[in-house]
Amino acid sequence: MRKKFVYFILIPVVALCVVVYLFVDRWVESGLEAAGEAIVGARVEIDNLHLSLSPIAIQFTRLQVANSKDPWKNLFETGKVQFSLNFGQLLRGKYIIETMEVNNLILGTKRTTDGSLPKPPPPPPSHTSAVAELTSTLGNEAQKAPVFDLNKIRGELKIDGLLNTQNLRTVQYIDTLKLQVRDASQQWQTTLNDVEKSKQRLADVQASINAVNFNELKTVQSITATLNNVNNAYKGINDINETFKNRRAAVTSQLDRLTTSVNAIDSYARSDYEMVRRLARVPDLSTQGIAKLLLGREILQKVSTYLSWIEFARTTVPKYTSKPENESPPRFKGQDIHFPVDRAYPKWWIKKIAISGGEDKNQNPEYFYAKGEVHNITNDQRITGYPLTISLAGSRAGGSAFTFDASFDRRPDVPVDTYRVTASNVPTSGITFGQADFVPSRITKAMINSSAEVTVPGDHFDSNIKIAFRDLALVFDRSPQGDIERITRDVLAGITGFNVGLRLWNTSGPLDVALTTDLDEQLTARTKKVVGDEFAKLQNDIRAKVDQRIAEKRAEFEKMFNQKKDEALSQLKGYESLVNQNLALLDGKKKDLDARIEQEKKKQLENAVKGLFKTP
Amino acid sequence: MFWLQIIKSFISVLRSGQTPRQIAGGFALGAIVGLMPFFTLQGLLLWLVILVLDVNLSAALLAVALFALLAYIIDPLLHALGYFLLVDSSSLHGLWTSLYNAPIAPLTRFNNTVVLGSFVAGFILLLPVYFGMHHFVLAYRTHLHTKVEQLKIYQIISKSTLVKWYDRIKNITS
Chain B
429 MRKKFVYFIL IPVVALCVVV YLFVDRWVES GLEAAGEAIV GARVEIDNLH
479 LSLSPIAIQF TRLQVANSKD PWKNLFETGK VQFSLNFGQL LRGKYIIETM
529 EVNNLILGTK RTTDGSLPKP PPPPPSHTSA VAELTSTLGN EAQKAPVFDL
579 NKIRGELKID GLLNTQNLRT VQYIDTLKLQ VRDASQQWQT TLNDVEKSKQ
629 RLADVQASIN AVNFNELKTV QSITATLNNV NNAYKGINDI NETFKNRRAA
679 VTSQLDRLTT SVNAIDSYAR SDYEMVRRLA RVPDLSTQGI AKLLLGREIL
729 QKVSTYLSWI EFARTTVPKY TSKPENESPP RFKGQDIHFP VDRAYPKWWI
779 KKIAISGGED KNQNPEYFYA KGEVHNITND QRITGYPLTI SLAGSRAGGS
829 AFTFDASFDR RPDVPVDTYR VTASNVPTSG ITFGQADFVP SRITKAMINS
879 SAEVTVPGDH FDSNIKIAFR DLALVFDRSP QGDIERITRD VLAGITGFNV
929 GLRLWNTSGP LDVALTTDLD EQLTARTKKV VGDEFAKLQN DIRAKVDQRI
979 AEKRAEFEKM FNQKKDEALS QLKGYESLVN QNLALLDGKK KDLDARIEQE
1029 KKKQLENAVK GLFKTP
Chain H
75 MFWLQIIKSF ISVLRSGQTP RQIAGGFALG AIVGLMPFFT LQGLLLWLVI
125 LVLDVNLSAA LLAVALFALL AYIIDPLLHA LGYFLLVDSS SLHGLWTSLY
175 NAPIAPLTRF NNTVVLGSFV AGFILLLPVY FGMHHFVLAY RTHLHTKVEQ
225 LKIYQIISKS TLVKWYDRIK NITS
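As they're listed, the protein sequences go chains B and H.
Take 429 as the starting number for the first sequence in the working numbering and just add one per residue.
Take 75 as the starting number for the second sequence in the working numbering and just add one per residue.
Isolated chain H (complex conformation) (with noise of 0.2 angstroms):
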């Protein structure tokens, strides 16, 4: 039900309301966070900045669920990179050996293959998926929204029991 919620806001949003450039925003903060384990000092401060940032929270939300589903795919390769620059890279050993002595760079778990590598591909993936989503938004508004709006699937979930239901209760309590 809450991701439906989430679908629909985003949706709605891609429509009208926010900006593109909130919406990639939050669409590109997500996608970082939604790579990388949970429970690390980066992902608590990236958390605290899509709170912070007037960013859309239904595309943060939604892209947490689809790049967590796609790190779960990619584990090896993130694995794979985050190997190559913990090991492979001996230029960056140095590095690593003053964060890993540095009091606070341990509780970021740098030293985890699959942390680095998620972190350092979701941010190459940051500018592709900001400017991608900006795009997107834009083009959705001028052309894809009617025809978004006659699909089957998007006419179940605006019209789903669920979501009423969840709509009447948030406009109560609101």
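Bound conformation, chain B alone (with noise of 0.2 angstroms):
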């Protein structure tokens, strides 16, 4: 044996390992403590560790987790906390665990000192996740805020402005279809024109047939001739008729595209009250806002809160991870030969968090005490082939409870979060309602139940959040400003509660927040019943101004339109009346001549009669 080194290695060595005896408690609580803040963002803190060698064991009378985002509160606190790793996957670098025992879990203790740790670095611009751009969204939506105030809206109210020329379509339309009407006037003109010049072949037609004397025609021969030039006569105005026909129907189909289009100035006139309603900011009583205006920031700054949690577990529970530990390589190589393994292991693996909530005697009316199970917390589910799951159940004196189940699934390509939450009884209180300029107030005392479905597959996100507000009380900030305000207050004072419920989605496009409460459907009754002979009046004042900048435009319009259309119209007319006067004309002078050729040839027939029978 070498007493030499037996006397200053071996010594030396065993005590090394005394004191590490002796501190590793320590050592391994600030390693657990420090990873734990790493994760969290915020002070942890472990009392009293103790490791145990034979078996493996690691105890602690209490660990503080504080609120990143409230660091004078905990997120949680434990009683005493338990488990043993196994000691041959240990020898192998993986930790274990089978159970870990959680007991006196409660929720949001107060912190008797601060819990925030130091700031660090802002991190650099990122990918922006679904839940994260839903955050943003979730503030911009809270901060829209309709105008109810009757009096800001008489105050503001300068239709005159409004009224400018450039901005109506009417008026615009109706210069529009001036330009129509003197366009199609031209047209009808050289149509017009066209017909002048068939008056005088009318006229000439109608001349020769005047001229045409009975007396003269003693011959059936002459009468004939005189027949045939009446009917060329005839089939020639024919033309001219059949000609001026078709010239009439296109002016005729002009003028009734024109005079459609003119009743289309009723729309027109119609949609200008519409958009000079819109610009001088009155509100139309049917629009489901006014709650919206009462809970939405509040609420959807809450959502943004338990978002912004939702964020931290998408990003902090781990994929899978396939890819191999960085090791230094070996000085020689080889090659590592696998051989069937009876069951393979994660780098980590916590199977089972059984959380106990304390005794009812020692529970402090003031906090949550949780009770529930955690699976399978690990740094790879595809190798455990279990996804991370949360049940817990809370409960606190006075009735108070709540459930919350999740599960975090990270074995798909995709990984898939979902949350179903529900809160019953919660008494709660300092909920600020309203906003600076419309209602401020706050709920002081109220009772609520609510639950909320949360799926975040990928990117995607959808939730379901419905909450009942019961037995609450109101205290109103100021007094009422306006008529909305005051009915709104009114309505407010009579009700003990109401329902709201709001949904948070996108599919492939853009997040969607809907925000729905029965809160809107009792304000808006009572709203309209009372202000809606202002907002009647109101709209009535616009309308007529904007019926009466229009008005002008259109009389002047309509003058001009009907003096061109009757102009035209009474040349058709007179012109029409004319080819009339000459068909008819020409028609009696073919039947006297018909009856004529008829009468001369009886004649004729009778003196041949007359010869056969005369003695020679």
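Simulated from the structure, these hints should not be mistaken for laboratory data.
Quantities reported herein were computed from a predicted structural model and do not represent experimental measurements.
Everything hinted at is true.
Beta-carbon label-pair distances, calculated as ranges:
1) D833/B x L166/H: 47 to 53 angstroms
2) S458/B x Q229/H: 54 to 60 angstroms
3) D940/B x T171/H: 54 to 60 angstroms
4) L166/H x T537/B: 56 to 62 angstroms
5) H766/B x Q229/H: 50 to 56 angstroms
Derived list of chain H stretches under chain B, where covered just means 3 residues or more per stretch with a C-beta under 8 angstroms from a C-beta of chain B:
6) 154-166
7) 175-181
All C-beta atoms, glycine included, are put in the ideal place defined by N, C-alpha and C.
Dock chain to chain to rebuild the complex, using the hints, since each chain is given by itself in its own frame.
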């Protein structure tokens, strides 16, 4: 035996081991705290950690995890926590915990020290996830507010300024119509000029017909020749008549089109009225917006806070790790031959955390005590084959209770997170209600029942949240200003509860937010009843001024249009009458000539018969 | 400088001082360590054995250096031996599978072809190296040492300024 080795190496090594054994608890405690702080972003404190070597187990008496968003409160704190590590897997460098016992889990406890960590430098800009984008959208959504203050509307209402002719589409439309009428009028004039030329031809025909003297027509041949002339004249007039009819049809059709266009002025006038009303910010009382105005900002901001935790879980729960760890290359590389394994384990795996909420007699009525189970916390769900699941139920003195079920599935290529949360009989106070300029108030007392279902598949998001306020008491921060605010206050003073539904989702496009509440119906009905007349008067004023502005232009246009139309129609009518007159004249002459021919034929026949019976 | 001192010490030891068995034992154990890659459980244990047993450290260190160089040269052979044992010898698969699933055995990295090949080669060479070294020491002490001390390389090493300085500092600190 080498004595020097024993004295100078072995004994110091043993002494070092003893020192390590004495201080290992502190080191492990600090290591776990640092790891927890890196994940949570706030102070993590472990009290009285003890590491035992046989079996390899850790236990500590208390764990506090500070809330990074409210560092003077804990996210949760626990009583005694203990767990043992699988020694066989530990020798392989894997941390496998079968069951971790967590006693006395309490949520949201107050801290005596600040739980915040020194702020790290801001992270570089990265890919915006759906949840982060949604949080931003909610912030913007919460700032939107329609104007319902009647006095404000009255004060700001400057209709004349809005009635700029450049803004009114009706005026522009009438100007366009004017141009169309002018163009049409020129076309009509050309047509009428052509017609005028035909008039001369008609007059010639008329003169030649009038010149026919029946006394001079002695023979059948002369009568037949005259009849042929009349027939030719008739044919010519018919041709003129056909041409005239075609031209008249074209003019009439154009007139009909213009008349239809003129009738469309009414619909332009209506849309102009709506436009001016919108510019004047006179609200339509059918809009479901008052409750959103009252509740939206507070609820959406609260939801934004919870969404940030969902984003935290989404990014923190590890995706499966199939790539090997970075190892220093060995001196001689060789080739690793793998053999069948009875059971593969990930780097770390807490199979089950059993959480107990403590005994009733020890419960502080101020806090929620939670119990439940958490399964399969691991760095590689593809090896374990299980998703991380959390099932918690909490309650506190006074009947308040909640359930929280969540699943974080990192096994498929697209990670899927689901949450189901319910809360019942949760007394609340100090909820901001309304806005600084509209029914500023606070809910000083209320009972809330709520449920939420959230699914986050990859970068998509879908959530349904239902909140029911019951037994609520409101305190208004100021006297009502304006009719709508007064009405809203009256309505709110008379209710003891209302329901809110909130859906946030995105499929492939931008994120959508839908906030519904039964407060809207109550408020709208009451508001309509009381201030409907006021709004109607405002609306009528706007309508009258719009109509007046349009009417001037319209009258001017209609005068011109009617004048042009009448001119064209009267000329057409005169020409039509002339043509008809000529046709009638020709018809008469033709009939006379036919009668005369028949008469001559008869006369000649009688003379021929007389000649046969005459004795020579 | 360190290695010059090791060689000088080794030559001194060969001449007198420790027994031939101590020198041969240190050399044989060092040979196994030198053949194997570092950072294996069995390598650590072998170092512990070398340090605990009263074998010659200079011989062990020299063997480590010499056989590490040899291992680098014959690495393909060691890989082939390991591959044969791990893959081609189907009768051993049961043993390897059991070890693979055992708690501590994976720390030996036995499933690496070079690790297993060099370890087995080291054990096969253990006795030949031991007895060979034993005979060499005896032969050196009886016949060779006068010839070696007359060699120019020995003169250079023993009279090296660096080695003298090292000896002086060593004497001051001891």
